[in-house]
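**Student:** Counting along the sequence shown from 1, when you hit position 106 you're at 105 in numbering that gives the first Met the number 0, and nothing is skipped either side.
Incorrect hints may appear among the rest.
[Said to hold, decoys possible] Once the Cα atoms are required to be at most 27 Å apart in a straight line, the calculated BS3-like pairs of lysine-lysine come out as:
#1 K272 to K305
#2 K125 to K107
#3 K289 to K311
#4 K255 to K311
#5 K103 to K158
#6 K122 to K14
#7 K14 to K155
#8 K153 to K14
#9 K146 to K255
[As the list claims (entries may be wrong)] What follows is a list of derived Cβ distance ranges for each label pair:
#10 V339 to F318: 14 to 22 Å
#11 E21 to R323: 30 to 38 Å
#12 K295 to V339: 28 to 36 Å
#13 R333 to E21: 39 to 47 Å
#14 K286 to S173: 22 to 30 Å
#15 K295 to R147: 25 to 33 Å
#16 S184 to G268: 20 to 28 Å
#17 L338 to E176: 44 to 52 Å
#18 L334 to S123: 35 to 43 Å
Hints listed in this document are in silico derivations from the structure and should not be mistaken for laboratory results. The structure displayed is predicted, hence computed values, not measured ones. Beta carbons: idealized from backbone N, C-alpha and C, even for Gly.
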Amino acid sequence: MVCVSVIIPIYKVEKYLNRCVESIVNQTIKDIEIIMVDDGSPDSCPQICDEWAKKDARIRVVHKKNGGLGDARNAGLNIAVGEYVAFIDSDDYQSLEAYDTLYKEAKKHDADIVYGGLVYYDKSGKSNLCSLHQLDFEGKEVITYLKRVLNQPKAKSTKDEYCMSVCIGLFRRSIIEQYKVRFRSERMVLSEDLLFDVELIPHCRSIRYIPYCFYHYCYNGESLTQTFNPIKIERCICQYETMLRVAEQLNISEIKSDIIDNFIMNIRGSIMKGIILSNMAFHDKKKHLKTIYGYKEWNNIFKLIKIQDRSKLEQIILFIIKYRCVLVNILVYRLYYSLVKK
Numbered sequence: 000m001v002c003v004s005v006i007i008p009i010y011k012v013e014k015y016l017n018r019c020v021e022s023i024v025n026q027t028i029k030d031i032e033i034i035m036v037d038d039g040s041p042d043s044c045p046q047i048c049d050e051w052a053k054k055d056a057r058i059r060v061v062h063k064k065n066g067g068l069g070d071a072r073n074a075g076l077n078i079a080v081g082e083y084v085a086f087i088d089s090d091d092y093q094s095l096e097a098y099d100t101l102y103k104e105a106k107k108h109d110a111d112i113v114y115g116g117l118v119y120y121d122k123s124g125k126s127n128l129c130s131l132h133q134l135d136f137e138g139k140e141v142i143t144y145l146k147r148v149l150n151q152p153k154a155k156s157t158k159d160e161y162c163m164s165v166c167i168g169l170f171r172r173s174i175i176e177q178y179k180v181r182f183r184s185e186r187m188v189l190s191e192d193l194l195f196d197v198e199l200i201p202h203c204r205s206i207r208y209i210p211y212c213f214y215h216y217c218y219n220g221e222s223l224t225q226t227f228n229p230i231k232i233e234r235c236i237c238q239y240e241t242m243l244r245v246a247e248q249l250n251i252s253e254i255k256s257d258i259i260d261n262f263i264m265n266i267r268g269s270i271m272k273g274i275i276l277s278n279m280a281f282h283d284k285k286k287h288l289k290t291i292y293g294y295k296e297w298n299n300i301f302k303l304i305k306i307q308d309r310s311k312l313e314q315i316i317l318f319i320i321k322y323r324c325v326l327v328n329i330l331v332y333r334l335y336y337s338l339v340k341k
């Protein structure tokens with residue numbers, strides 16, 4: 000059995016793919032397999048994959064019909080044979096000592112998951128260190144960690160945040176297979192990584208963080224202030240309802256309040272912010288905001304949470320949702336984000 004299976008989902012990244020693969024084939028740990036999953040990429044990525052397979056016997060290539068990121072990762076998991084498994088997005092790259100360090104840490108402490116941190120490069124190229132911790136979670140404490148991921152404690156800086164990306168971790172494959180954990184489609188939910196965490200972490204005995212940033216995340220997206228996809232509303236709701244079902248199935252009711260907080264955070268943050276700061280017409284903004292206000296579960300949520308215990312800003316947002324105040328919603332967000340300039 001090889002030590003680590005590294006799964007690389009690939010779609011329309013011909014500009015970045017060689018950089019990513021070079022960072023994996025040159026890892027200081029040599030006993031790895033590299034699974035390149037061509038997710039029906041229409042550019043030169045399929046050929047680049049095949050060329051790499053000719054150069055390095057550790058590389059296995061899967062060519063498949065396009066199914067999205069989650070589906071591509073699952074295709075890699077289905078054939079992986081490593082003791083541990085890692086994921087990397089094909090427009091990012093890893094430090095060369097990443098998997099060697101993470102694997103040694105996992106073996107030394109018999110850990111089911113070991114995380115490092117990441118270096119985040121924004122659209123201007125500026126770098127920030129994220130999720131830089133030295134922590135251990137053993138036994139029932141793993142649920143404490145999951146609660147932190149769902150309901151992020153207020154952080155002084157990005158170093159103190161908890162990153163939900165699976166790309167910063169090394170995961171014991173036998174647990175993934177024993178409990179048949181797979182990725183949900185990002186076409187259905189906001190974060191396939193978070194749902195993977197919710198389904199996998201409760202089965203783990205030991206999770207470690209080590210204070211090294213190995214993963215290099217390179218921003219390549221579009222500006223939030225210009226575009227918003229209304230499908231995100233459906234994905235946010237689907238993610239919330241799916242996490243509640245998983246919590247019930249795994250009998251971990253103690254994370255329900257954190258799932259609710261995560262849902263509220265997504266709604267008031269990325270969803271409402273995305274709608275209001277987008278360049279869509281006013282009547283479209285109004286229509287999408289009313290869709291949010293009309294979600295059938297808000298009455299149950301309001302019964303379960305204590306609005307008075309929340310921050311003043313969040314109290315205002317929840318009041319807006321409860322009483323469907325479209326104009327107030329737009330004015331508050333425009334004022335707030337003009338002041339914070341984010």
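**Student:** Each hint: holds or not?
**Tutor:** We went through each hint and held it up to the structure:
| no. | hint | result |
| --- | --- | --- |
| 1 | K272 to K305 | holds, 23 Å |
| 2 | K125 to K107 | violated, 35 Å |
| 3 | K289 to K311 | holds, 22 Å |
| 4 | K255 to K311 | holds, 23 Å |
| 5 | K103 to K158 | holds, 23 Å |
| 6 | K122 to K14 | holds, 16 Å |
| 7 | K14 to K155 | violated, 35 Å |
| 8 | K153 to K14 | violated, 36 Å |
| 9 | K146 to K255 | holds, 9 Å |
| 10 | V339 to F318: 14 to 22 Å | holds, 20 Å |
| 11 | E21 to R323: 30 to 38 Å | violated, 53 Å |
| 12 | K295 to V339: 28 to 36 Å | holds, 32 Å |
| 13 | R333 to E21: 39 to 47 Å | holds, 45 Å |
| 14 | K286 to S173: 22 to 30 Å | violated, 48 Å |
| 15 | K295 to R147: 25 to 33 Å | holds, 29 Å |
| 16 | S184 to G268: 20 to 28 Å | holds, 22 Å |
| 17 | L338 to E176: 44 to 52 Å | holds, 49 Å |
| 18 | L334 to S123: 35 to 43 Å | violated, 26 Å |
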